[in-house]
Amino acid sequence: MVDNGADRGINIFKPQTELMRGEVRVIALVMAAWLVAIVGSQLAIWYLENNIIDYWLSEIVFFNLPLHFWLSGQFLPLWFILLGVIFNLWMDRHESRKFAGTIRYRAVGRRKEEQQQ
Amino acid sequence: MTSTSIQLVPLLMVVALFTLFIVGGMGSKMRQTSDYGFSGNYSGRLGSGAAIASNWMSAASFLGLAGLFYLKGYYAMAFVIGWTGGYVLLLVLLATQIRRFGKFTAPDFVGFRYESEAARTVAALISIGISVIYCVAQFRGVALLVSWLFGIGYQAAVVTGGALVVTFVVISGTLGVVRNQRLQYFVLIVAFVLPLMFLVRKLGYFWVLPQFGYGQAIIDLQNQFGFYWSEPFATISLFHWLALCFTLMFGTAGLPHVLSRFYMAPSIRDARWGVVWGLFFISLIYWSAPAYGVLGRLYDARAGFAFRTPDPMSADAVTLTAALQGGIPVWVVGLLVAGGLAAAFYAISGLLQSGAAAFAYDLYPRLFRSTAADCDKLAMAKGFFLVLAALVIALSLRPVGMIAEIAAVAFALAGNTIFPAFLMGIWWSRTNAAGVLSGMLLGVLISFSSPLLGGLFPVVNTLFPLTSSAFLGAPLVIVVMIVVSLATRPPSSELVGFLTRNVHDLGER
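Sequence order for the protein chains is A and B. According to the working numbering, the stretch in the first sequence is residues 1 to 117, in order. According to the working numbering, the stretch in the second sequence is residues 1 to 509, in order.
Possibly wrong hints are sitting among the right ones.
As the list claims (entries may be wrong) - Okay, the calculated beta carbon distance ranges per label pair:
#1 LEU324/B / SER96/A: 51 to 59 Å
#2 LEU20/B / ALA32/A: 40 to 48 Å
#3 ALA373/B / LEU43/A: 55 to 63 Å
#4 PRO365/B / LEU48/A: 54 to 62 Å
#5 VAL26/A / ALA373/B: 41 to 49 Å
#6 ILE60/A / VAL190/B: 29 to 37 Å
#7 PRO365/B / ALA32/A: 40 to 48 Å
None of these hints come from the bench; they were simulated from the model. All C-beta atoms, glycine included, are put in the ideal place defined by N, C-alpha and C.
Can you build the whole structure from these sequences, using the hints too?
Right, here's the structure in full:
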């Protein structure tokens, strides 16, 4: 019976092949780093604002900017770019491995077919 | 910021910039056009990135963000994070698979993936809605700039701006101009950053990287005027700030004209790297935009109004106001205005064309004339473009809010509807037509629940604010999609096979 993929289905929480498991793992890692950076930074800023007296937060200067301006306005976009680069490098390597596997499969598969004929 | 006469030099700069774009588009060697209203010219990863960034740049980036910083300080950081962080979602969850899917528009994707003409129709209507709301935000920016350029009132500027946009699209179409997006991006970023360098240099700050140099203005506001630049969560709760931020991210990953970029990338790797380059180019704008807002405050303080709350209706023009108050050469101000107008014009023309295409190719043949030939559809697209333009002009005559906040409503609608439809369509093959239809309709209801139901049920205003509804709305829509899909018939085995083989490229196990 020809496997057209219909019996398997796609579910991000139940990846069925090793390749997809790898892809989902890196997606989960990047998303976790994305979420922790956004929520974590804002929680930290909120905590400092509410628990430190006066305008202490505005007076911590980093790269010429108040800490919260630097963290949200400069660092987070840079962090997102970095996450994108890491994800792409991993995906490029992941797909190269898969592609190499496909060539091997095709070569073997073709040879088997020729033998059967 | 008012003027009573025509600003001749800036006007000449505007004409020169548009001429450059038109000539640059005509001289383009690589031509890529599409009946769907998306056209472009780029090659490689850098080119894809420039195309994504130039497609993204609009009045909201050029004017709206700085206006919000000027008015509300740190609150506006939600937009910076939302409009950049959304690209991470796009990259890791959608870009590769959308490129493999091979459908040109959001309604096309929804119709094919969910095997449903009804779902396609709803997606087309939502896409048109998003285009109209987003265009209203753009028109506010156009009106502010045109009003200053020609020395006319706001409403006259809306009509004049509308006439100029339509004329621009007709001329571009007649001459067969293709958007030279790489050229466009690099000109626009110079038009945005160069005036900032002039301003920061004139103030004696570190002008080489004004994205950091403007920090001295914050310190000066504190030390010289006793003005502390907005405590982060003084005017908004942490929940609402995060709700706005995540709504903008979900919306970024659900805007039809953004998603359509990935179908056009030359390869899957180009699609992915294009997103990262695009994010870098977009970040250059957002690293710079807060500076205009902060400098606007500094100039106010120097004029003796350190603690005056700016007028929300004029705050959107702070990019221009700051440039004028800073006393930089008039040609630099002209460059800034020309860049802002070009960003808004291209955003409007792209959105109106994609809205018109959604009507002509997705709705018209299905709802009105099933035998429509391609030439009929093209004629309908042109006609509906004019109808949409007239509608947007009419809606823009009365200012309803700030540019970035109006844009945020469009993002919320996209985040509540198109984003869940794409996310579930790609990552859970069991999602079916009934699921996506109920999800998208619920998404529309959630998006407008605050003005519709907020009076009766005040809790709705807290949970689903108009500009921030997708934070809780999108997860709710996804839950409904799952429940309804499980309760109804699964998609066909052909479609599941297509998803497995073609979209996720899993091949044989």
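Hint-by-hint comparison with the structure:
no., hint, verdict
1, LEU324/B / SER96/A: 51 to 59 Å, "holds (54 Å)"
2, LEU20/B / ALA32/A: 40 to 48 Å, "holds (45 Å)"
3, ALA373/B / LEU43/A: 55 to 63 Å, "holds (58 Å)"
4, PRO365/B / LEU48/A: 54 to 62 Å, "holds (58 Å)"
5, VAL26/A / ALA373/B: 41 to 49 Å, "holds (47 Å)"
6, ILE60/A / VAL190/B: 29 to 37 Å, "holds (33 Å)"
7, PRO365/B / ALA32/A: 40 to 48 Å, "holds (45 Å)"
In terms of the numbered hints stated before, the structure departs from none.
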